[in-house]
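Sequences listed follow chains A and B, in order.
Yeah, the first sequence ends on 146 if you go by this note's numbering, and it's all consecutive.
Yeah, the second sequence ends on 359 if you go by this note's numbering, and it's all consecutive.
These aren't lab readings, by the way, just hints derived from the structure by calculation.
For every residue, glycine included, the Cβ atom is placed at its ideal position computed from N, Cα and C.
Each hint should be verified, as a subset may be incorrect.
If you only want the chain B side, here are some residues facing chain A, beta carbon under 10 Å, derived [as the list claims (entries may be wrong)]: (1) Gly132; (2) Arg133; (3) Ile256; (4) Gln261; (5) Ile287.
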Amino acid sequence: MSFAFMVAAFLGTANAGRVALAVVATRPSPRVFAAALAAAAAVVVAAMVLAGSLLDWLSISPPSFRLAAGIVLLVAGLRTFVWPFETPGPFAAVLITPELVALALSFGADESTGRALAALVPALVAVLPAYRARRRDTGAIAARFLAALTIVAGVTLGVWGIRDV
Amino acid sequence: VVPAERCPAVTHDQIAHAIDGATGWLVRGLRPDGRYLYGYTRSRDEMSSEYNETRHAGVLYILYRAGKTSGGDAGLRHVLVNLHRHDDWTAFAPAGTDAEAGANGLLAAALAYRRITTGDGRYDALARRIGRFLAAQTQPDGSVRQYWSDATQRSVPGQFGTFSTGETAYAFALLNRVFPGEGWDRHAHAVLHYLATRRDRAEGYSTRQADHWASYALSQLAPHRLSDVEVAYARRLAGYFGYEIRFESQHTGRPLNIFTESGADLGVVGEGESAIRLVAARDARLADLRGPLDERIGCIAGITVGRQVPASDPNPRARGAWFFDDYTQMDDQQHATGALLGAEQVVR
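Make a model of the complete structure from these sequences and hints.
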């Protein structure tokens, strides 16, 4: 799996555009925004670190989970593409999403933790400017483009999950 | 979405016993005319009246490969009285039927394995003549016509079998192993190249077909250097069969977890994967697959052994067999045995 693909998949699933829409809608304080980002990073890192042991415990091979993660990304990407706007809930929920956790588990199981962490960094950095977002329309456009990226990443992961031994 | 993959532990001895059980079922089914029991429904204690010559050849092949020479020789009698000679070739085809490439590919594979396991060359001439029939069916692009018509005395254009092309490639590869330097490898590579690059589109398949016979052919040619196209094909087949094994290991046949497979289905994926393991053992370009392949092969072997009717079963038509919907057929035992023979080399 190429590093570029991992970066792209994280960029799509973290979806800074959707985060921007949530910022416009809920106006979180800097503390709430930072806490959400930190919590998301912590959950994703934990998922990466524990992925191998967790999948072993569940008796699920990395390729099978890759296929499952691909399906989760596909469905989540389609949902965001059609309706990118936030759903009610704590602000952190816009970042700590099933698709991001599934992706982190899959990359954590398939790749070294260091490589997976390095691929995550650009996505977290890309989320930071979302705090300054003020316009709903540009946020929605960005969210849809990143959702499309998530769909592509999901399909790719699924195909790799099927084609792998 | 992702049920647990359940892979029962299995030992080398258990695999060997399962092979004995399955080949025992095949040999017990031998009839006076040299044919074997084709199928059996346990709940009605009813034997099938059907027969299929390709599957007969498949049983011969697996018995010889498993070293059950006398059981194979008994079935070879049925072949020897149903040979059709034409020009420089011979084909196995009962009177009035068309000669089929798949049946003859498996027969050539059977005779090659008989030669390998016994060192006895008494059927070498027949094996070569059958090889020449297969070569006559093979087209310049590597495709293999399925039938030679008894009525027209010609090869039938435009008809291709789902498995006969791969069976033919395997036959060529085995003939090359027992008769090196005679050019059989050239035919084998041509057919494999066709399978790897053109078959799916040319024969109208909407998806890429997996072919365990092609896996076997690759395994026989691997010691002599495969092309990059063949290695890529081997990798693709490894992935396909690996996915099938993972899928099978996730499905237990319980009401909410259905999709269990027959002995033949289990066997085919095990055969394909273990044959590619041989390729990976011999070709450094596939070295990264060795570990994952061992894991999958051990898994499918455990599942296969676990689903076999145990040796303690009092019913001799059930003992050693694999049933699906209470029915078993000779190819269930044939393919499962092939998979277990492959797994025997991996599970220590």
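Verification of the supplied hints:
A distance limit of 10 Å between C-beta atoms decides the matter here; for glycine 132 of chain B the minimum to chain A is near 39 Å, and the interface restraint is violated. Look at arginine 133 of chain B: its Cβ only gets to about 41 Å from chain A, farther than 10 Å, so that hint breaks. A least Cβ separation of about 9 Å between isoleucine 256 of chain B and chain A falls short of the 10 Å threshold, and the interface hint therefore holds. A hinted interface residue such as glutamine 261 of chain B counts as satisfied when its beta carbon comes closer than 10 Å to some beta carbon of chain A; here the least separation is about 7 Å, so the hint holds.
A cut of 10 Å between beta carbons decides the hint on isoleucine 287 of chain B: the least distance to chain A is about 9 Å, and the hint holds.
In this structure, the earlier hints numbered 1, 2 are contradicted, and the remaining ones agree with it.
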